[in-house]
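Asker: Construct the complete structure from the given sequences, taking the supplied hints into account.
There are 4 protein chains.
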Amino acid sequence: MSDQDNILTPDLIVKKMYDNDDFSQWLGIEFLNVAKGSCSIKMTVRTEMTNGFNVAHGGISFSLADSAFAFASNSLGKHAVSIETSISHVKPVFVGDILIAIAEAQNVSNSLAIFNVTVKNQEDKTVALFKGTVFRKNEYWT
Amino acid sequence: MSDQDNILTPDLIVKKMYDNDDFSQWLGIEFLNVAKGSCSIKMTVRTEMTNGFNVAHGGISFSLADSAFAFASNSLGKHAVSIETSISHVKPVFVGDILIAIAEAQNVSNSLAIFNVTVKNQEDKTVALFKGTVFRKNEYWT
Amino acid sequence: MSDQDNILTPDLIVKKMYDNDDFSQWLGIEFLNVAKGSCSIKMTVRTEMTNGFNVAHGGISFSLADSAFAFASNSLGKHAVSIETSISHVKPVFVGDILIAIAEAQNVSNSLAIFNVTVKNQEDKTVALFKGTVFRKNEYWT
Amino acid sequence: MSDQDNILTPDLIVKKMYDNDDFSQWLGIEFLNVAKGSCSIKMTVRTEMTNGFNVAHGGISFSLADSAFAFASNSLGKHAVSIETSISHVKPVFVGDILIAIAEAQNVSNSLAIFNVTVKNQEDKTVALFKGTVFRKNEYWT
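Chains as they are written, first to last, in the numbering used here: chain W, 1 to 142; chain X, 143 to 284; chain Z, 285 to 426; chain L, 427 to 568.
Zero decoy hints are in this set.
Per the computed footprint, the stretches of chain W lying under chain X, defined by three or more beta-carbons under 8 Å from a beta-carbon of chain X, are: (1) 40 to 51; (2) 55 to 62; (3) 66 to 78; (4) 86 to 92.
No more than 27 Å apart at the CA atoms, straight line, and that leaves these computed lysine-lysine pairs for DSSO-like: (5) X/262 with L/462; (6) L/517 with Z/299; (7) W/91 with X/279.
No lab work stands behind these hints, which were simulated from the structure alone. All of these numbers come straight from a predicted model, not from anything done at the bench. Idealized CB from N, CA, C, for every residue including glycine.
Answerer: Here's what the structure looks like:
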């Protein structure tokens, strides 16, 4: 039986990733939804995540989006590594805000895949728009 | 005397920012160099910054680069807010690695400025290439 | 009566832009749909648009997407200028292909707006994914 | 003798590409310099390249930068295809302007490479900043 016949389900891939992911745990990430090629996660912004004046550091919403992107892209079954990501911060994020990141595949080929991640706050307002591209290795999640 | 006559030096602007910046402090950022439109900072990667297997989460080198970008863009004298940033991760980062981020202005106009940030490790190898654009408000660091 | 009371309709703004836009005319752009904050256009790829082997130059799908982005962002009523755009080419484009670009606002604030543009071919396959940010001037289309 | 022993020189690779590249010829591209991993080209902006009011369409400086990026990335010896490119337009370009695009490798690995391209006008002023990533196939220019 080859590796390709043995690929874990999206849920198990993401669980395996998260269990080793100390920084996602530090962020306080919880899972809302995982499916093949998509993932929604949430977290609450704490004081130690701010860059002054109660506003979250740009790295926080990026990190949340990047985690959603990593989970969604690996959930396709092959090990996926980030090539290029971009983020536009469109609204400030404050201490106590609950952020939700929704990652969705836009295009998947054999060796590349592109995702959009939208980050929203508890009022369903978009706070950041993220786009990411992964390289998909010939290595499977088994 | 107007606000423009009262602008702080790059060093004082960055000190004021850093003193309020809890997340940059959590990252353990130290300053190597600050000048008008440029900034070099460093940090050491800790276990809690990894996403498994001792490799740093993509949000860590992004956050370091984003801090260098924020310091360098505000050091020009006006309050600067991030519009769009992108990062390419070109080499894995490990626990114990010492990262240096060097931010340099590429283009500055009245209301916009573009920066490149190169992130290197202790062996002077590039681990990430970051590009960022800020909107420069009509508000001065005084 | 102020300029803001006199803003042209999306259709008239785009018509005014297109009538002066020699390069969009060279591309052979036709309009499928124009509304406030969105725009769909199409064109056919000609031999002189290729970079060899009948494959379209990357600048062609970019230019089409950039035109859709310019029309959609100006259709909001204020003069809009491009700050930053990115494109991922996900499928080759050939001579004779009919490309459709669909631009849609993702986020609009007073001075900035972000758009996604999807470029598809005649088989409804995505060939390129484009993201763009404009600066919205305090100048109206009247 | 394997393909790898037979790789063309950067000059010959770029000549072979340009001879088939109808759109680069339409742009009127001339070569200033070609070396392994870098390339400088120039062109003059014509009326048919504008989007009204004598200002060049954003697709023109993108296309010039994208050509320089394609030549520089393929000059490394392997067939290279664009994964993701971004451009910031920082200064308007006018009819009659002479544009120079300078592409330089920032990071090269076995399967990926990242380039910066700076586009300047005849006054040596930067008009656009471009960043691009290619996938390097296991196919050589022979």
